[in-house]
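**Student:** One-letter residues, chain by chain:
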Amino acid sequence: MTRDEALFEFALRMGDTALILGHRISEWCGHAPVIEEDIALANIALDLIGQTQMWLGLAGEVEGRGRSADDLAYLRDAWDFRNLLIAERPNRDFGHTYMRQFLHDAYAVEMLGELTGSAEERVAAIAAKALKEAQYHLEKSSEIVIGLGDGTEESHARMQDALERLWPYTGEMFADDAVDETLAAESIAPKPSSLRPAWDARVNAVLGEATLTRPESGFAHLGGKTGRHTEHLGHLLAEMQWLQRAYPGATW
Amino acid sequence: MSSEWPLWEVFIRGQHGLAHRHVGSLHAPDAEMAIRHARDVYTRRNEGVSIWVVKAEDITASSPSEKGPLFEPSNSKVYRHPSFFDIPEDVGPM
Numbered sequence: 188m189t190r191d192e193a194l195f196e197f198a199l200r201m202g203d204t205a206l207i208l209g210h211r212i213s214e215w216c217g218h219a220p221v222i223e224e225d226i227a228l229a230n231i232a233l234d235l236i237g238q239t240q241m242w243l244g245l246a247g248e249v250e251g252r253g254r255s256a257d258d259l260a261y262l263r264d265a266w267d268f269r270n271l272l273i274a275e276r277p278n279r280d281f282g283h284t285y286m287r288q289f290l291h292d293a294y295a296v297e298m299l300g301e302l303t304g305s306a307e308e309r310v311a312a313i314a315a316k317a318l319k320e321a322q323y324h325l326e327k328s329s330e331i332v333i334g335l336g337d338g339t340e341e342s343h344a345r346m347q348d349a350l351e352r353l354w355p356y357t358g359e360m361f362a363d364d365a366v367d368e369t370l371a372a373e374s375i376a377p378k379p380s381s382l383r384p385a386w387d388a389r390v391n392a393v394l395g396e397a398t399l400t401r402p403e404s405g406f407a408h409l410g411g412k413t414g415r416h417t418e419h420l421g422h423l424l425a426e427m428q429w430l431q432r433a434y435p436g437a438t439w
Numbered sequence: 076m077s078s079e080w081p082l083w084e085v086f087i088r089g090q091h092g093l094a095h096r097h098v099g100s101l102h103a104p105d106a107e108m109a110i111r112h113a114r115d116v117y118t119r120r121n122e123g124v125s126i127w128v129v130k131a132e133d134i135t136a137s138s139p140s141e142k143g144p145l146f147e148p149s150n151s152k153v154y155r156h157p158s159f160f161d162i163p164e165d166v167g168p169m
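For the record, the sequence lines run as chains A and B.
Quick note on our numbering: the first sequence kicks off at 188 and runs consecutively.
Quick note on our numbering: the second sequence kicks off at 76 and runs consecutively.
Read the hints as simulated data drawn from the structure, not as lab findings.
For glycine and all other residues, C-beta sits at the position ideal for the given N, C-alpha and C.
Hints are supplied without guarantee of correctness; some may be wrong.
As the list claims (entries may be wrong) - Going by beta-carbon spacing under 8 Å, a handful of chain B positions derived as facing chain A: (1) S100; (2) L101; (3) E107; (4) M108; (5) D115; (6) K130.
Said to hold, decoys possible - Over the 10 Å line for every Cβ pair with chain A, so calculated as not near, a few chain B residues: (7) W80; (8) P104; (9) H112.
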């Protein structure tokens, strides 16, 4: 695998994870429990869509076949998406949404933090911009996980349930493959496995404060990074892409 | 226990050197979340460099019915305005 082939895959992984998670969160728009949280979630979604534009823009540039960020977002099918599986998990309730967000944000902060020192300056520049947003998202999602985990009996039970449902999707964030090895050798991106100790420390601290019990299982669903997705992604894309599919080239 | 979050009044400082201005209110469970909500609701378009929040119930307001005794006596005291001094021209606008 060449450096550029690996960089293209990596940019898709970063961009698609941000895009799919951002779309998931945008599904809350108009449905959050209170208007303040509605706006907060929409803001996070917009930050993630902004990151998507940068990562998929880079992917198109590296690929060199003239595909724009929009082309990549709207004209690929499920098997061409490279997002982590956790991003496509359905929202379920508000607590579940924020548990997913927290588990993701704790990873994103470590990944983006490392990427700010990337030997590929376009990657470093995107990471520097995205990191500030990710740090805010993590503060926010940590607070909500702690508030609901250490809240009422009902909210505690829902957060523990969310944690157990999502836990098998966290291992994929730290699974290395040939793309990661190639980029690590070029000092472009860290090996995902190297991010695990910092993620563990952060997650343990927040779960402890939230009075939640970390699941012991080490089982990990894999596949998102290579295009093998759960059934949920196709439904999400149908909604996200239908306008471009029904009216090709439509603009406003 | 009330199931409603308390109301917070939000003050934003637009830029260094200016005072915080009241911009509106919102609901939040505690002060930290009120700051976050204020950030999301009132500074999305780069409006601020500093946020204050205060519980609405902690504000003591003057009563509209006391308007007369509170404010009218100062109506007739123009000599309290510093507009009777000659300002040298090279001082410029004050």
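**Student:** If a hint holds in the structure, say so; if it doesn't, say that too.
**Tutor:** Each hint tested on the structure:
Evaluation of the S100 (chain B) hint against chain A yields a violated restraint, the C-beta minimum of about 11 Å exceeding 8 Å. Interface hint status for L101 (chain B): upheld, as the beta-carbon distance to the closest one in chain A is roughly 5 Å, under 8 Å. Here the hint on E107 (chain B) is kept, as its CB sits about 7 Å from the closest CB of chain A, short of 8 Å. Restraint check, M108 (chain B) versus chain A: the minimum CB separation of about 7 Å is within 8 Å; hint holds.
Proximity of D115 (chain B) to chain A holds as hinted, the smallest CB-CB distance being about 4 Å (cut-off 8 Å). Given hint, K130 (chain B) at the interface with chain A, is violated; its Cβ is 15 Å from that chain's nearest Cβ, farther than 8 Å. Separation of W80 (chain B) from chain A is inadequate, the least Cβ-Cβ distance of about 7 Å not exceeding the 10 Å criterion. Some Cβ of chain A comes within 10 Å of the Cβ of P104 (chain B); the nearest lies about 7 Å off, and the non-interface call is violated.
Some Cβ of chain A comes within 10 Å of the Cβ of H112 (chain B); the nearest lies about 4 Å off, and the non-interface call is violated.
The earlier numbered hints that this structure contradicts are 1, 6, 7, 8 and 9.
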